[in-house]
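From first to last, the protein sequence lines are chains C and V. With the first letter of the first sequence counted as 1, position 207 gets the number 206 in numbering that gives the first Met the number 0; the numbers rise by one all the way through. With the first letter of the second sequence counted as 1, position 317 gets the number 316 in numbering that gives the first Met the number 0; the numbers rise by one all the way through.
Errors might be hidden in some of the hints.
Said to hold, decoys possible - Restraint-style ranges between C-beta atoms, simulated for each label pair:
| id | chain 1 | residue 1 | chain 2 | residue 2 | range |
| --- | --- | --- | --- | --- | --- |
| 1 | C | Lys326 | V | Tyr270 | 46 to 54 Å |
| 2 | C | Glu123 | V | Gln10 | 41 to 49 Å |
| 3 | C | Glu123 | V | Gln286 | 15 to 23 Å |
| 4 | C | Gln305 | V | Leu122 | 52 to 60 Å |
No wet-lab data here; the hints were simulated from the structure. C-beta atoms are modelled at their ideal positions from N, C-alpha and C, and glycine is treated no differently.
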Amino acid sequence: MKLFDTFKTWLNPIPMHRPPLYGRGIHALPNPEERELFERASEAFIRGDILSGYEYFLSSLMHRESTFPFPHLSIERSEEILRFSLYQGYALIKGSVTPTSLEAYADIALSEKLHVAIKRRFLERDFQLTYCRFSEEKGVIKLSIRLDNATITPQKIFFPLREIALNADFEKEFIAGEFDESVLLDTTHLTPINPGKIESHYAFMHRWIQETKQSLIGLLSNDNTGMVSFSYLALLLQIDYLLLPHKKMAKNISEKINGYFLEDEKLTEDKNADLEQYLAELESMGIETFSTQFYDSAYTFSPFEQAMHDEIAAFIDESLNKVRWYKNNRSNYVISVIYRYISLYILYNYGLHPSLRALLHLHVEVYASDFFKAAGETPLYDPLTRTFKEKLISQRIREAVEPYMSRYKGLQNFAEHLNYSDLDHFSQSFYLQIKNLDYTDV
Amino acid sequence: MNTATQKMVEQTIESIVQITNPYGSGSGFLIGDLIVTNSHVVSGLKEVLISTKTLPKTIGTVIYDDPAFDLAFIRSPIPIEHKNPLILSSQSVLDGDSVIAIGHPYGLNYSTTEGIVSKASRLQGEVEYIQFDAAINPGNSGGPLLNDSAEVIGVNTFIIQNSNNLGFALPSYTLKEALDQFNALNKEDLIRCVSCKNLIHEPTIQNDYCPKCGTKLEVAKRRREGYKPSGVVALIEKILKALEINVTLARRSQRSWRFEKENSRLDLNYYDNGIVIADSALCRIPQENIEALYDFLLGENSVLERLQFSINENTVYLSYIVVDSSLNEEYGTAALRKLFDNAPRYQALLLSQFKALEPKFDEFE
């Protein structure tokens, strides 16, 4: 049987899914040797070879198949010292390691032109952060960490390094969005998006807003507040996932989406009115302003903690119950909106296994086929003929699932169980399969 | 509360004791030179922290522990000044009598509540209690229940949880009987057996069994074992001892310590997520030159090794933060020593140079 499997693999090799290109987080694949390198780092630390331990650990963070033109992490080692630099969105972290300590920092901004509110914010963040701190040195605001290597382990490096990277990026994004007169430092790695792509993004955003407004005509009454919410939230999630804005636009979208779920005292109608107003702001935004909200960069750390699959399955279950409720109440319009919303919501809110991320992206791709067609991809669904590219979808599912099947005992290629009779049936069958995936280690 | 009651509270307050140990805190009161409290307030320990309006935090010795009646007596190493000593009431308690409870609910010290006796006698197990409706909460345990002549009619002992003001006090006649028995033996380190109710002199106990009836004495076991921290808590206390801090006096709970250095207060907390934070609230933000203060703090953060300035709400903190797995004796001692040395110095500087305001300490911690 084993021999047969080997022949089968030779004849029909397991292809790997493509690295993610959309949504927040890393646009690359994790290092396939991540675990081994992490273990080698532990062994090196145990035998007291600190610099090798760091070298193995940092190597474990190096992604594969990044779409970014230059490496997200560079390591330079001499006998006495190891230097590294890593990119995390807006931030560049530079570090040096000696046998006794690690010191790393990110230059954030020039202190001179910073608004007092930002300085206050840094000091408040210092109260909340565990490993790193904001300081000012020679007119430059820095975020830095220092670790003693006496009892160092890979875990003790990972969390501090992740904290400095995520926070340096987040704070620079925050400053850019809130006080754009500030002078941010270390920004040369930010790659501009080409004007053609910006124009296309701008056009799609307007089109989606128009389509949403059109679809809600006749629904703007108290009876339909839930449906309106789903439409607006799905739209904002789609703008964020597919266009990937930064700075103020990303901040506002995040505030609107999170505000919707956090502000319990507000009536749903009022929350919808807030979302509607923000969509009107987006609609009236000129392309010049719009274009300043975009850049490309590399990311070393994911901003998400990987979620348990049970949590995601529970969310799908809850959402499918809502679909059932709307079906029973003959509110068919909102059903496809909820199906679209489910994958976008999960991609926005949860840290996902690469295969799950690829699968949920596939669902987004089916629903936003025009956008992907414009981006040069083969569309997976034709809204005019209402037909699917079944073979392509099946192949993409195989690519997302099969590379991981030897590791997770319950992970199965479910392509043949999908229902292609229409978009709603496709989504229903797709989410039921996603819900039942099993990411339990062999 | 009328004026007479207010005067009564004022007169008795010096006799009210706050008792803390690593497992929790409670109340007590002075009868003569002894501090009376509940057995559950001292948690089976031989040493607890005591303080009164006139006595700063001091280590008191638990010389009598009586789990049968939930009573304990503590000896203070220093005589406690109290001008109006409390006395035990010898009058009968009747349903509807007015009562006042004084204590430290949830650590909110010297809180007074009033009510009436709901039922003069309620039997729980073998022990009678006075049921009353003056509000008491966790932390009131061991405090006195007073009548309108400011005499002690009971020791506040328990409540029915999630009820509305169902409080129970051990009657003063039970307390008097215990005091008489204790005084008659003229010995310290006495434990009452929960089964035969005899008072047992601790040195006569073998393997924690009652020498009279053979019952296992849990209190004897706990007193023998004492409070023994382990792991990171033990390491933190070792570091504090190396810095000449009296750890027993500093303990606020198993994972929290507080001490003073010159005019600065320092807190050390070990949180469930594994983070150890030692910090000192130095001052509050002034109303002028605030940005200059921020610039100063951010500038100092670049030169301070291991320590950092931060702001929470309106208070400036100097902190040392470390993850438990990274805490070791050498670096921990060095960092905390630096914090102890720098906190008073920076506090003085911030108050004088930046006209910052003295810190205010939250009583609801």
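A quick look at each hint next to the structure:
1. C:Lys326 - V:Tyr270: 46 to 54 Å: Given about 47 Å between the Cβ atoms, the range holds.
2. C:Glu123 - V:Gln10: 41 to 49 Å: 46 Å, holds
3. C:Glu123 - V:Gln286: 15 to 23 Å: Between Glu123 of chain C and Gln286 of chain V, where Cβ atoms are some 18 Å apart, the hint holds.
4. C:Gln305 - V:Leu122: 52 to 60 Å: 58 Å, holds
Consistency note: the structure conflicts with none of the earlier hints.
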